[in-house]
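Student: Here are the chains, one letter per residue:
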Amino acid sequence: MCGSLFGTLPQAQQQNVFHGLPLELMEEEVKLLIDNRAAIIIDDSAAHDNAIQVLSMSDKANILALKTQERDELALSNQKEAKRRKELAIEHAKTSGKWKKKVPKETSGEGSSVAEAESLFSGSIDVPQETDGTTVSTSRQNSSADDIGNRQFIIPMTSSSIGRHVLRLPHESAHTPNPSVARYNVYKYLQNLGYFLSPGLRFGCQFLAYPGDPLRFHSHFLVKALQWDEELSILDLVGGGRLGTGVKKAWMIAGLENKHSSPELKRQEDEDETKAGNVRVFCVEWGGFG
Amino acid sequence: MAADDGETSHLRGLRSIVLSNLEYQHYWTDIKTLDTLADLDQNAQADPLSRPMIYGRPPDQLYNPEPAAATTSSADASQSQKPAAEMEYVLPVHLTEKLTLRQWAAIFDTLPTPPPSTAAGSDGREKRIVVAVISGDSTVVYYIMHDGIVKPRQN
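As given, the protein sequences belong to chains A and B, one line each in that order.
Just so we're aligned, residue 1 is where the first sequence starts under the UniProt record's numbering, counting upward by one.
Just so we're aligned, residue 1 is where the second sequence starts under the UniProt record's numbering, counting upward by one.
Just so you know, the hints here were simulated from the structure itself, not pulled from any lab data.
Treat the hints with caution; some may be incorrect.
Between beta-carbon pairs, the in silico distance windows are [unchecked claim]:
1) A/G204 - B/G148: 21 to 31 Å
2) A/G239 - B/P112: 29 to 39 Å
3) B/D5 - A/L33: 51 to 61 Å
4) B/K98 - A/T176: 32 to 42 Å
5) B/K98 - A/D43: 16 to 26 Å
6) B/K32 - A/A38: 23 to 33 Å
7) A/G204 - B/D5: 25 to 35 Å
8) B/S20 - A/V181: 37 to 47 Å
9) A/T176 - B/P59: 24 to 34 Å
10) B/R12 - A/A38: 20 to 30 Å
11) B/G148 - A/L33: 19 to 29 Å
12) A/N278 - B/N64: 25 to 35 Å
13) A/F289 - B/K98: 19 to 29 Å
14) B/T113 - A/L33: 48 to 58 Å
A few chain A residues that face chain B, going by a derived Cβ cut-off under 10 Å, partial list only [as the list claims (entries may be wrong)]:
15) T176
16) R216
17) E230
Covered stretches of chain B (chain A as the covering partner; in silico rule of three or more C-beta atoms under 8 Å from a C-beta of chain A) [unchecked claim]:
18) 98-105
19) 133-144
Small disclaimer: the values here were computed from a predicted structure and weren't measured.
For glycine and all other residues, C-beta sits at the position ideal for the given N, C-alpha and C.
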């Protein structure tokens, strides 16, 4: 089952990812999924309202607390990381012998900047008092800058908690797809045989049947589903056969066999009673002459 | 019954058009007309077929599932003895007719199951008929119809 991918700009799928449905299924596909209990239909707006309502105040407080905790942890680790880096740099400087020359200059220069920084970020963070003036001031500058820059807010990316509160639509709902019986029977039959089916509008039929992944194969059949007693004009058969042959496919008519025969045809149906409820399939191609 | 007879004669008329078209325009041979079940199977009773049909041999094999095999075999055939084409069942219909799946199925169900083709070594193929469509200006076009899912030949 593939569905049809589309966006608001089908030829430029990178754009407008958030507009419209990325994938649309045929009615038959949806019905099959529901019948196989692989999917349920939810009423989107009702589910949304419901999910919002069940989000109680305590949930809110929990989430906020969790976020604060995460944020504080992040800030703390950032602070530690900055301090560690600074110490590493100082060690490096000491071993390379540049440390002693620079110290006097920096301490004289840093005095004003420390004051500035403290006025800028006053009260933003508790700085443990340390004896070494240079280290403290710079590490604090670093850490407070890092803290602001890296204070990340965790954005929840999944809606899984919302999904639990779905409302299942009743089966009779107007939103449950109700494809025509003939189409659905044929769809299900071919799907069970392993064919990949896609909408057939582009080739003037109801379904295209691919023998495998539509990206790897050309479709083999242009499918038209019919009721067992639905009349098919010979002109349609000619058109279909010509159409299919023109695109190197076969035109297929198919329908679920109905043993309860209409009165005028009963005599033909009497002999075979074995194949009840089968889908009968006929493939039409141009004869190649005439 | 009178209406039925009228219909039968109409279908026979259609068949005679197709018959001459096949014989003189497309050079089919061994042409037989099929009117009753007994024409299909000698043991069957002489019940009339739902529609009169034609049984005949086209000049060349009508349907080759494998195009590559078809070209090689025809190349061989031109040198040596050409293998006889398979016999085909032809169903004449008029362009303005409307048939249901039930009727198509009934037509196929009366046909005998084809024997496994000996040359290709494949197991028995699906039943097929050639639908001869006659239009008002007596143009006849031919379409092949298979009973069951048959892969199209050019793919």
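Student: Each of the hints needs a verdict: does it hold here or not?
Tutor: Status of the hints after comparison with the structure:
1. For the hinted restraint 21 to 31 Å between A/G204 and B/G148, the CB-CB distance of approximately 23 Å keeps it satisfied.
2. Separation of A/G239 from B/P112 is about 30 Å and conforms to the stated range, judged on CB atoms against 29 to 39 Å.
3. In this structure the hint that B/D5 and A/L33 lie 51 to 61 Å apart at CB holds, the actual value being about 53 Å.
4. Under the hint 32 to 42 Å, the C-beta atoms of B/K98 and A/T176, about 33 Å apart, fit the expected range.
5. Evaluation of the 16 to 26 Å hint for B/K98 and A/D43 yields a failure: the beta carbon distance comes to about 43 Å.
6. Remark: the range hint 23 to 33 Å for B/K32 to A/A38 is contradicted by a beta-carbon distance near 53 Å.
7. The beta-carbon spacing between A/G204 and B/D5, approximately 39 Å, falls outside the hinted interval of 25 to 35 Å.
8. In this structure the supplied range 37 to 47 Å holds for B/S20 paired with A/V181, their Cβ-Cβ distance being about 43 Å.
9. Hint check: A/T176 to B/P59, Cβ distance near 56 Å, so the stated range 24 to 34 Å is violated.
10. Range check, B/R12 to A/A38: about 54 Å between beta-carbon atoms, so the 20 to 30 Å window is missed.
11. The hinted range of 19 to 29 Å is satisfied by B/G148 and A/L33, whose Cβ atoms lie roughly 27 Å apart.
12. Between A/N278 and B/N64 the Cβ separation comes to about 28 Å, which falls inside the hinted range of 25 to 35 Å.
13. Against the hinted window of 19 to 29 Å, the Cβ-Cβ separation of A/F289 and B/K98 comes to about 25 Å, which satisfies the hint.
14. Remark: the range hint 48 to 58 Å for B/T113 to A/L33 is contradicted by a beta-carbon distance near 38 Å.
15. Contact between A/T176 and chain B, as hinted, is not supported at the beta carbon level, the nearest pair being about 27 Å apart and thus beyond 10 Å.
16. For A/R216, the shortest C-beta to C-beta distance to chain B is roughly 13 Å, which exceeds 10 Å, and the interface hint is violated.
17. A cut of 10 Å between beta carbons decides the hint on A/E230: the least distance to chain B is about 6 Å, and the hint holds.
18. Only residues whose beta carbon comes within less than 8 Å of a beta carbon in chain A count, and the region 98-105 of chain B has 8; three or more means the coverage holds.
19. Against chain A, the region 133-144 of chain B contributes 6 residues with a C-beta closer than 8 Å to a partner C-beta. That satisfies the three-residue criterion, and the hint holds.
When the structure is compared with the earlier hints, violations turn up for hints 5, 6, 7, 9, 10, 14, 15 and 16 and for no others.
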